[in-house]
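Those protein sequence lines, which keep their order, are chains P and F.
Position 186, counted from 1, in the first sequence is what this note's numbering calls 186; the numbers after and before it change by one each time, with no gaps.
Position 41, counted from 1, in the second sequence is what this note's numbering calls 41; the numbers after and before it change by one each time, with no gaps.
Please note: incorrect hints may appear among the correct ones.
What the hints assert, rightly or not - Taking lysine to any residue and the SDA-like style, the derived pairs with C-alpha atoms no more than 25 Å apart in a straight line are: (1) F/Lys304 - P/Arg78; (2) F/Lys149 - P/Arg119; (3) F/Lys304 - P/Arg63; (4) F/Lys177 - P/His100; (5) F/Lys304 - P/Leu81; (6) F/Lys177 - P/His136; (7) F/Lys304 - P/Lys182; (8) F/Lys304 - P/Gly147; (9) F/Lys304 - P/Arg22; (10) F/Lys149 - F/Asp92; (11) F/Lys177 - P/Asp72; (12) F/Lys304 - P/His136; (13) F/Lys304 - P/Ala43; (14) F/Lys304 - P/Arg67; (15) P/Lys182 - P/Lys220; (16) F/Lys149 - P/His100; (17) P/Lys220 - P/Gly19; (18) F/Lys149 - P/Pro77; (19) F/Lys177 - F/Asp92; (20) F/Lys304 - P/Thr49; (21) P/Lys220 - P/Pro99; (22) F/Lys304 - P/Arg87; (23) F/Lys304 - P/Pro61; (24) F/Lys304 - P/Pro99; (25) F/Lys304 - P/Gln59; (26) F/Lys304 - P/Arg96; (27) F/Lys149 - P/Asp94; (28) F/Lys177 - P/Arg162; (29) F/Lys304 - P/Arg137; (30) F/Lys304 - P/Asp94; (31) F/Lys177 - P/Tyr18.
Said to hold, decoys possible - Computed far set for chain P versus chain F, every beta-carbon distance over 12 Å: (32) Ile8; (33) Asp21; (34) Gln59; (35) Leu81; (36) Pro82; (37) Asp83; (38) Arg86; (39) Asp94; (40) Asn106.
These aren't lab readings, by the way, just hints derived from the structure by calculation.
Beta carbons are placed, not taken as given, at the ideal position from N, Cα and C, and that holds for glycine.
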Amino acid sequence: MGTGAGSIVEFDNVGLRYGTDREVLSDVSFTLYPGSFYFLTGASGAGKTSMLKLLYCAQRPSRGVVRMFGNDMITLPRHRLPDVRRRIGVVFQDFRLVPHLSAFDNIALPLRIAGMSEREITKPVADMLEWVGLDHRADAHPATLSGGEQQRVAIARAVIARPEILVADEPTGNVDPEMAVKLLRLFEALNRLGTTVVVATHDVHLLRKVPDSLIMRLDKGRLSDPTGALRYPPRREREAN
Amino acid sequence: MLARLFDGAARLVPGEAARLLPQARIGGPMPWVIAIMVALTVISAAAALALDNVAENARAEIAGGITVQVVEGAPGERARQTQAALAVLEADPRVTEVRQVPQEELSQLLEPWLGAGTLEDEALATPSLIDAQLDNEVTAPVLRDLRAKLEPIAPAAQVDAQANWLGPVFDAMRSLKLLALGLVALLALTAAAAVWLAARTALGSNGDTIEVIHHLGGTDGQIAAIFQRSVGIDAFIGGIAGLLLGLAAVMLLGAQFAALGSGLVAGGGLSLGDWGLLLAVPLIALVLAMITARATVLAALRRKL
């Protein structure tokens, strides 16, 4: 496992523990390929958020091998992490919007960090605000936005820089069903453009809304493979052939 | 170095993102702390410079001066030895100027202690004095040589360098100057410590924002630049306020000392260069604050992933 050609993420026998506690992830092995759409499911406490933290480089594994975009994440020097992180979009479960910035500035943040000029930023951010239905709230600060609006800003911020991988932790948890579908369509649209999408959710109804998606299930820190997502090519492609 | 300091800021904070950290500005303590530090530094530095000028002027005035006292009780012998000493000194190539201090001048010098007309009293023998100016600084070997020359013809002559008399005064001035410079160094350290503390506090209270910037691919340099810029603005405001306060105090004190009219104090005026140095204090404080903020933030970020 973990040697897939053309893969962008490889986990091989990965374990993660915080301090001296027991492992929250054990023997996790899988490969993510460009343009795939994955759901990561599991009960609360199964290790979904810990796995996402490894995916968006907020943690280094305690053991095993993690390779992202060809980089060994165990030995990658700290100063090279920002380059890897700029290729990943993250939607946090608690949104993590910058409280002192407006919705516009929060969404523009990844572009500013990447060094784009104000002239280059204005239109894409305005388009993104319109897409998530918040063009009339561009100047609003997070404290004045509802939970659903904050979530849409967080999603817009995660996708504005067209990341190669989008990692979303319960991205539809605070929005109404209509908006949830709309957001999933945005993820699918990004996916069609080549972005690999990983959505952590415990909402089983959501899984059915993206028919081509693959499912990784975590149970007590261990990964199972109900749709063959962890093998390559995935089961449905093998069956189709 | 300044270009490097602002490099990260230029990349991340071309405008709106500069507001990533909440700014307290005048309402916060940092500009006021820096203003007080700069004001005290300006006053201490001005004191050190003024003392240095006083010492330098006085030293230059008496650097080559010697005094010969002929301590002889018999008036005739005293006069003979005085004339002999004068002749030896006039013949010495190192001596550029020599004169016997006139009796009237001696009377004026001693009048406050001995009363008027005392020197006319033959019963009170007072030494005669010779002032001489040498072409170079009076060193111990020069003094020894002059004493050796005067010894055979004027055994009652005592030769002293004028600088020696003021040695304790110069020592006291040097101590005061070192004290003032020490205060400047301590104030700089305190200012750096205040910035360090403020940066640490800001790091703690903005931990979530910093984490988000990290996750979005922000570099340590970009994050440090945000803090640096914030501290830089505080230091600029505080520095200007402190400079004005410090200069006002220095000018007031300068005017009061000038009114004393004492010769020694009069030499303590500040030169154009000195004023330039005082004007540079807020700039130095600004750079120091920004370097401290950057170093503090980078050191703290290095402990994160």
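Status of the hints after comparison with the structure:
1. F/Lys304 - P/Arg78: Distance ~9 Å between lysine 304 of chain F and arginine 78 of chain P Cα, so the pair holds.
2. F/Lys149 - P/Arg119: 89 Å, violated
3. F/Lys304 - P/Arg63: 19 Å, holds
4. F/Lys177 - P/His100: 48 Å, violated
5. F/Lys304 - P/Leu81: 12 Å, holds
6. F/Lys177 - P/His136: 65 Å, violated
7. F/Lys304 - P/Lys182: 36 Å, violated
8. F/Lys304 - P/Gly147: The given pair, whose Cα atoms are some 29 Å apart, is violated under the 25 Å limit.
9. F/Lys304 - P/Arg22: 22 Å, holds
10. F/Lys149 - F/Asp92: 10 Å, holds
11. F/Lys177 - P/Asp72: Roughly 59 Å separates the two Cα atoms, so the pair is violated.
12. F/Lys304 - P/His136: 37 Å, violated
13. F/Lys304 - P/Ala43: 29 Å, violated
14. F/Lys304 - P/Arg67: Holds. Lysine 304 of chain F to arginine 67 of chain P sits at ~20 Å (cutoff 25 Å).
15. P/Lys182 - P/Lys220: Violated, at about 31 Å.
16. F/Lys149 - P/His100: 85 Å, violated
17. P/Lys220 - P/Gly19: 18 Å, holds
18. F/Lys149 - P/Pro77: Roughly 79 Å separates the two Cα atoms, so the pair is violated.
19. F/Lys177 - F/Asp92: 37 Å, violated
20. F/Lys304 - P/Thr49: Satisfied, since the Cα-Cα distance of roughly 19 Å is no more than 25 Å.
21. P/Lys220 - P/Pro99: Cα-Cα ~34 Å, so violated.
22. F/Lys304 - P/Arg87: 20 Å, holds
23. F/Lys304 - P/Pro61: This hinted pair holds, its Cα atoms lying about 15 Å apart.
24. F/Lys304 - P/Pro99: At roughly 22 Å apart (the allowed maximum being 25 Å), proline 99 of chain P and lysine 304 of chain F satisfy the hint.
25. F/Lys304 - P/Gln59: 10 Å, holds
26. F/Lys304 - P/Arg96: Given pair lysine 304 of chain F, arginine 96 of chain P holds - Cα atoms ~18 Å apart, limit 25 Å.
27. F/Lys149 - P/Asp94: 95 Å, violated
28. F/Lys177 - P/Arg162: 63 Å, violated
29. F/Lys304 - P/Arg137: 34 Å, violated
30. F/Lys304 - P/Asp94: Since the Cα atoms of lysine 304 of chain F and aspartate 94 of chain P sit roughly 20 Å apart, the hinted pair holds (cutoff 25 Å).
31. F/Lys177 - P/Tyr18: 57 Å, violated
32. Ile8: Check passes; 16 Å lies beyond 12 Å.
33. Asp21: 18 Å, holds
34. Gln59: Label violated. Min Cβ-Cβ 7 Å, cutoff 12 Å.
35. Leu81: 7 Å, violated
36. Pro82: 5 Å, violated
37. Asp83: With a cut-off of 12 Å, aspartate 83 of chain P comes too close to chain F, as the shortest Cβ separation is near 7 Å.
38. Arg86: Given that some Cβ of chain F is not farther than 12 Å from that of arginine 86 of chain P, nearest at about 3 Å, it is violated.
39. Asp94: Violated: least Cβ distance 9 Å, not greater than 12 Å.
40. Asn106: Since the minimum Cβ distance to chain F is about 9 Å, asparagine 106 of chain P lies within 12 Å and the statement is violated.
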